[in-house]
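Okay, so the sequence shown: first residue is 114 according to the working numbering, each after it adds one.
Incorrect hints may have been included.
As the list claims (entries may be wrong) - Ranges of calculated distance between the beta carbons of each label pair, as one might list FRET restraints:
#1 Ser163 - Glu127: 35 to 43 Å
#2 His121 - Leu155: 16 to 24 Å
#3 His156 - His121: 13 to 21 Å
#4 Pro136 - Phe160: 14 to 22 Å
#5 His121 - Arg162: 28 to 36 Å
#6 Val158 - Ile128: 13 to 21 Å
#7 Asp131 - Leu161: 27 to 35 Å
#8 Gly125 - Pro159: 21 to 29 Å
#9 Cys124 - Asp164: 20 to 28 Å
#10 Ser130 - Arg162: 31 to 39 Å
#11 Ser163 - Ser120: 33 to 41 Å
#12 Ser163 - Ala139: 17 to 25 Å
Hints listed in this document are in silico derivations from the structure and should not be mistaken for laboratory results.
Each residue gets a CB set at the ideal place from its N, CA and C atoms; glycine is no exception.
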Amino acid sequence: MRGADPSHGMCGAEIGSDAESRPEEAWGTGLHCCQQCGSLYLHEVPFLRSDHAGRT
Numbered sequence: 114m115r116g117a118d119p120s121h122g123m124c125g126a127e128i129g130s131d132a133e134s135r136p137e138e139a140w141g142t143g144l145h146c147c148q149q150c151g152s153l154y155l156h157e158v159p160f161l162r163s164d165h166a167g168r169t
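Could you put the whole structure together from the sequences, leaning on the hints where they help?
Okay, structure coming up:
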């Protein structure tokens, strides 16, 4: 979700007050999110190969 409105996801859907959250660095490590939010996130965050060196 974007930081501007924590009660709604990037897609505009309302997020429950008991929804799981994690820091941005943990994105993609098992956290459930909708396909639209995931797609928007991936298009907004640059992939830096050096950040992923040695990971499989």
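Do the hints match the structure? See the list:
no.: 1; hint: Ser163 - Glu127: 35 to 43 Å; result: holds (37 Å)
no.: 2; hint: His121 - Leu155: 16 to 24 Å; result: holds (19 Å)
no.: 3; hint: His156 - His121: 13 to 21 Å; result: holds (18 Å)
no.: 4; hint: Pro136 - Phe160: 14 to 22 Å; result: holds (18 Å)
no.: 5; hint: His121 - Arg162: 28 to 36 Å; result: holds (32 Å)
no.: 6; hint: Val158 - Ile128: 13 to 21 Å; result: holds (19 Å)
no.: 7; hint: Asp131 - Leu161: 27 to 35 Å; result: holds (33 Å)
no.: 8; hint: Gly125 - Pro159: 21 to 29 Å; result: holds (24 Å)
no.: 9; hint: Cys124 - Asp164: 20 to 28 Å; result: holds (25 Å)
no.: 10; hint: Ser130 - Arg162: 31 to 39 Å; result: holds (38 Å)
no.: 11; hint: Ser163 - Ser120: 33 to 41 Å; result: holds (35 Å)
no.: 12; hint: Ser163 - Ala139: 17 to 25 Å; result: holds (19 Å)
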